[in-house]
Amino acid sequence: MRTVTESRKEIPVIAETEVLVVGGGPAGLAAALAAAREKTDTMLVERFGCFGGNITQAAVESIAWYRHNGTVESQGIGLEFEQRALEMHASWPEPQSDSQALDTELFKVVADRLIIESGVRPLLHCLGVRPIVEEGVVKGVITESKSGRQAILAKRVIDASGDADLAHRAGAPCTMAPVQELLGVTVNFACSGVDARRFLTYVKQQHPTLKDWCVKTSGKENGLFSPFIREPFEKAKAAGEIPEDVGLGGTWGTVTPDGEVTHLNVVYMPGYDPTDVRDLTRGEMDGRRQAVWAVEALKKYAPGFEKARLRNFSTALGIRESRKIVGRCRLTEQDVRSQGRFEDSIGIFPEFLDGYGVVIIPTTGRYFQVPYGITLPQTVENLLVAGRCVAGDQGSHAATRAMTCCALTGQGTGVAAAQSIKDGKTTREVDIHKVQKALEKQGVRIR
Numbered sequence: 009m010r011t012v013t014e015s016r017k018e019i020p021v022i023a024e025t026e027v028l029v030v031g032g033g034p035a036g037l038a039a040a041l042a043a044a045r046e047k048t049d050t051m052l053v054e055r056f057g058c059f060g061g062n063i064t065q066a067a068v069e070s071i072a073w074y075r076h077n078g079t080v081e082s083q084g085i086g087l088e089f090e091q092r093a094l095e096m097h098a099s100w101p102e103p104q105s106d107s108q109a110l111d112t113e114l115f116k117v118v119a120d121r122l123i124i125e126s127g128v129r130p131l132l133h134c135l136g137v138r139p140i141v142e143e144g145v146v147k148g149v150i151t152e153s154k155s156g157r158q159a160i161l162a163k164r165v166i167d168a169s170g171d172a173d174l175a176h177r178a179g180a181p182c183t184m185a186p187v188q189e190l191l192g193v194t195v196n197f198a199c200s201g202v203d204a205r206r207f208l209t210y211v212k213q214q215h216p217t218l219k220d221w222c223v224k225t226s227g228k229e230n231g232l233f234s235p236f237i238r239e240p241f242e243k244a245k246a247a248g249e250i251p252e253d254v255g256l257g258g259t260w261g262t263v264t265p266d267g268e269v270t271h272l273n274v275v276y277m278p279g280y281d282p283t284d285v286r287d288l289t290r291g292e293m294d295g296r297r298q299a300v301w302a303v304e305a306l307k308k309y310a311p312g313f314e315k316a317r318l319r320n321f322s323t324a325l326g327i328r329e330s331r332k333i334v335g336r337c338r339l340t341e342q343d344v345r346s347q348g349r350f351e352d353s354i355g356i357f358p359e360f361l362d363g364y365g366v367v368i369i370p371t372t373g374r375y376f377q378v379p380y381g382i383t384l385p386q387t388v389e390n391l392l393v394a395g396r397c398v399a400g401d402q403g404s405h406a407a408t409r410a411m412t413c414c415a416l417t418g419q420g421t422g423v424a425a426a427q428s429i430k431d432g433k434t435t436r437e438v439d440i441h442k443v444q445k446a447l448e449k450q451g452v453r454i455r
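Numbering (the working numbering), first residue to last: 9 to 455.
Be aware that one or more of the hints could be misleading.
[To be verified] Taking lysine-lysine pairs in the BS3-like style, the calculated list, with each CA pair at most 27 angstroms apart, reads: (1) 219 / 308; (2) 430 / 147; (3) 47 / 315; (4) 228 / 212; (5) 212 / 154; (6) 17 / 116; (7) 212 / 47; (8) 445 / 430; (9) 47 / 154; (10) 228 / 245; (11) 245 / 308.
[Stated by the list, open to error] Here are the in silico distance ranges between beta carbons for each label pair: (12) 230 / 80: 19 to 29 angstroms; (13) 242 / 47: 48 to 58 angstroms; (14) 430 / 203: 16 to 26 angstroms; (15) 242 / 126: 45 to 55 angstroms; (16) 129 / 308: 47 to 57 angstroms; (17) 77 / 223: 51 to 61 angstroms; (18) 365 / 127: 35 to 45 angstroms; (19) 156 / 373: 49 to 59 angstroms; (20) 14 / 91: 44 to 54 angstroms; (21) 101 / 289: 50 to 60 angstroms.
Hints were generated in silico from the structure; no laboratory data involved.
Every value quoted in this text rests on a predicted model; they were computed, and no experiment measured them.
For each residue, glycine too, the CB sits at the ideal point set by N, CA and C.
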């Protein structure tokens, strides 16, 4: 590969803070709120024009669709997202669970409100591109924006980029499965002009269940209702209207009385590397093309969609998996399935798996503890990682990638970063018992 040499230059420092969070998705938003609520000066840097990540960018409205009768979970900021959205008339009942489907547009305002109330200093349209590391200790982050290349200095940095970008660039060991083994990417979309009554009658006649779209369950999930749809796309394929190698099929979300289906997650595309900008470009364009095919198939073969039209695409590609850090410890599928317990627990999460053809719904009250060690990258100090890129194997990723679990690791790292500053300890040395007590005061169930 050809290279060019970038000349040395002085980079202006635009801010100094105690805790800097990079990435404003569920993990980063929760991390910033948690740190600020511990009376710590906190900044949150986000590359897009709003906070919310996969909620507001990929238009994923169902953040806790696993919640059914019998589910036991951590509470905390993940649940607060739903509660605040409900209070601000920015959600509806989710169609297959005891949770709220978020209005992904209004959630931008919900997130703004949470940020303002907490005192977090926000910075939108700003990309964290390189950690500042001195003798193995993170001191801040270099950013790029319309204002140019600038620096933010911080005592603690939380990488909530989703792809472990900062940890990777700081030299911390990371892993990533071969591209063909990664969970696929998605372009979500919404439709208007749908006859809601006719469509819901069709759904009732079809009576789709979780077993219709997943390969493996524990058995108890097989009869649970799922807003799953595939038949119109199979008919379009049979008619030669959609290429055979295109795997359309998935779930829909809220169906409003005035004819909007606000979330259609039916474009699933494996074989894209979320850390490669060329693959991201290809994924966006391929996904939009497939979404148009999907709309045409729905109009022709799904009762109620005859007069439907595309309302909007998601703003950004939905990413399920990329890099993971090598942490102080590693969560495993066995931990998730066997109610793993850890002395350094930063919260519990229900026994929920969704990925690689496996779906386990937590209807039995079983849960596992999430260890602090999966957020601690090796070789780099005062850097924490939150969200889908925490340390774990493929099976545990099917649990930790869930947005409410991302919020849980975010809240845990936010409190840990704040506590380490208060005590003058590094993030590796922080007193985990003090962290746990602070998390409990913030409403998190630890055990």
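key: Straight-line alpha-carbon gap residue 47 to residue 315, limit 27 angstroms   = It is violated: about 53 angstroms lies between the C-alpha atoms, which goes past 27 angstroms.
message = With the threshold set at 27 angstroms, check whether the alpha-carbon distance from residue 219 to residue 308 stays at or below it.
response = Answer holds: residue 219 to residue 308 is near 26 angstroms, not above 27 angstroms.
message = Hinted pair, alpha-carbon criterion (27 angstroms max): residue 228, residue 245. Please report holds or violated.
response = 32 angstroms, violated
message = Hint check: residue 445 vs residue 430, CA-CA at most 27 angstroms. Holds or violated?
response = With Cα atoms ~14 angstroms apart, residue 445 and residue 430 stay inside 27 angstroms; holds.
message = For a C-alpha distance cap of 27 angstroms, please report whether residue 212 and residue 47 respect it.
response = 51 angstroms, violated
ask   = Can the restraint linking residue 430 and residue 147 be considered satisfied, given a maximum Cα separation of 27 angstroms?
value = 17 angstroms, holds
request  = Using the beta carbons of residue 14 and residue 91, state whether their distance is inside 44 to 54 angstroms or not.
outcome  = At 47 angstroms between Cβs, range holds.
ask   = CB of residue 242 to CB of residue 126, is that within 45 to 55 angstroms?
value = Holds - the Cβ-Cβ distance for residue 242 and residue 126, about 48 angstroms, lies within 45 to 55 angstroms.
query = So does residue 77 sit 51 to 61 angstroms from residue 223, Cβ to Cβ?
reply = Cβ of residue 77 to Cβ of residue 223: about 25 angstroms, so the range 51 to 61 angstroms is violated.
request  = Please test the hint of 47 to 57 angstroms on the beta carbon pair from residue 129 and residue 308.
outcome  = Given a distance of about 51 angstroms, which is inside 47 to 57 angstroms, the answer is holds.
task = Assess, step by step, whether the Cα of residue 212 is no farther than 27 angstroms from the Cα of residue 154, and give holds or violated.
result = With a Cα-Cα distance of about 50 angstroms, the restraint between residue 212 and residue 154 is violated, given a limit of 27 angstroms.
ask   = Holds or violated: are the alpha carbons of residue 47 and residue 154 at most 27 angstroms from each other?
value = Since the Cα atoms of residue 47 and residue 154 sit roughly 30 angstroms apart, the hinted pair is violated (cutoff 27 angstroms).
When held up to the earlier numbered hints, the structure conflicts with 3, 5, 6, 7, 9, 10, 14, 17 and 21 and fits the remainder.
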